[in-house]
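Colleague: Taken in order, the sequence shown gives residues 1 to 407; the numbers are from the working numbering.
These aren't lab readings, by the way, just hints derived from the structure by calculation.
Do not rely on the hints blindly, as some may be mistaken.
Said to hold, decoys possible - Beta-carbon label-pair distances, calculated as ranges: (1) F302 / E30: 16 to 26 Å; (2) R403 / P86: 25 to 35 Å; (3) P62 / P178: 47 to 57 Å; (4) E37 / T281: 16 to 26 Å.
On a predicted model such as this, the values are computed, not experimentally measured, just so you know.
A virtual CB, placed ideally from N, CA and C, is assigned to each residue, including glycine.
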Amino acid sequence: MDANAAATAPPGSPWERMARGGGLLTSTGELSGTVFEEMSRLAARTGAINLGQGFPDVDGPPEMLDAAAAALRGGGNQYSPVAGMPQLQEAVAEHQRRFYGIEPDPATGVLVTVGASEGLAASLLAFLRPGDEVVTFEPHYDLYGAVVEFAGARLVTVPLEPPHFSPDLDRLAGAFGPRTRMVVLNDPHNPTGTVFDDAALSRVAELAAEHDCVVVTDEVYEHLRFAGGHRPLAARPGAFERTLTVSSVGKTFSATGWRVGWVSGPAHLVGPVRATKAYLTHSAATPLQLGAAAALGLPDAFYERLTEDFRRRRDVLVQGLARAGAEPFEPQGTFFVVADVRALCERHGVGDATALAPVLAEGAGVVGVPVPALASAAHRDLYTTWMRFSFGKRLDLLEEAGRRLAR
């Protein structure tokens with residue numbers, strides 16, 4: 001480590017850096033759980049409808065379940081190769097070609113991981129050095145900050161400002177500097193539901209090339225986009241060679257508990273991620289990989305029904321929040337709605353979304369996630385009265401949540 005990097009490396013034990021980066025250390029230094037765990041515990045304790053943690057309440061397609069069950073009964077119960085079962089590597093490569101015209105090599109350009117979370121973590125750890133900087137938009141998934149801090153690097157965030165959550169491209173350019181090593185792009189974006197347009201994607205690609213950065217794209221909501229198809233950054237001219245694309249079976253196929261994800265891209269980037277991942281978990285569950293391979297091969301009609309189904313759920317939740325007095329931002333993707341709950345805070349005599357969360361759970365029987373928990377201290381005030389709600393639930397449950405909030 002050179003002297004400059006050592007001077008910028010954060011203090012504390014590795015676990016403390018990771019906990020601090022993920023928001024798990026309180027102001028007094030006490031260790032807490034993630035905000036998602038806290039909100040799920042709150043829902044369980046109060047019997048509230050849990051629209052906080054983002055998991056569906058239905059099983060995935062039967063073809064996927066049947067393929068996994070057949071693998072369980074057919075001897076597919078031992079280690080898979082570190083890079084994943086060849087059937088899933090080939091299915092991911094075919095998926096990228098089929099939907100986006102991207103053609104990673106199945107053997108060297110696709111790596112199977114234990115969920116997208118491991119794919120993201122391994123991608124960050126493979127390339128970050130102490131003192132490096134990572135640019136991302138916020139609010140953001142808490143893992144980004146946790147792993148960046150663990151690596152001794154620094155997360156530089158560009159806020160998506162309410163109420164429209166559109167990226168400020170001049171502010172984005174200003175976030176890059178001589179230490180910028182990586183960009184993390186989540187598109188469609190959790191928690192806001194924003195989808196980045198061509199101008200934003202082109203600017204990210206230009207800045208990454210100008211500063212010689214690796215780009216890691218978190219695309220787990222790629223098939224939950226409500227106006228037009230997903231446009232991955234890696235499909236843009238010249239972007240593939242510096243981009244690692246991360247996705248998973250969890251959101252698209254309602255199988256968040258399977259923990260099967262993948263990283264795809266050029267071999268010269270995927271290889272280092274593979275070397276890192278090998279000493280994290282070695283391999284994902286073999287039969288579930290085979291189930292995931294079957295799922296990726298489902299016909300276009302499945303994906304079309306999926307999008308339409310979630311669009312209906314989105315509309316039900318957006319309308320329910322509006323009737324309750326909140327001001328929701330209509331998401332273009334994901335299965336989350338963020339809403340300004342200022343009026344609900346005033347009605348219940350509390351100052352912000354964080355204080356409102358237990359009041360809604362106990363009084364209305366609905367749980368959401370306060371958006372300030374997903375933002376850095378520097379920009380948290382932008383989201384003081386915003387809350388995230390998941391519509392990855394059954395329609396009848398979303399309708400009931402709307403009625404409870406309105407009451």
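Colleague: For each hint given before, does the structure comply? Return the numbers of the non-compliant ones in rising order.
Modeller: Hints 1 and 2 not satisfied by this model.
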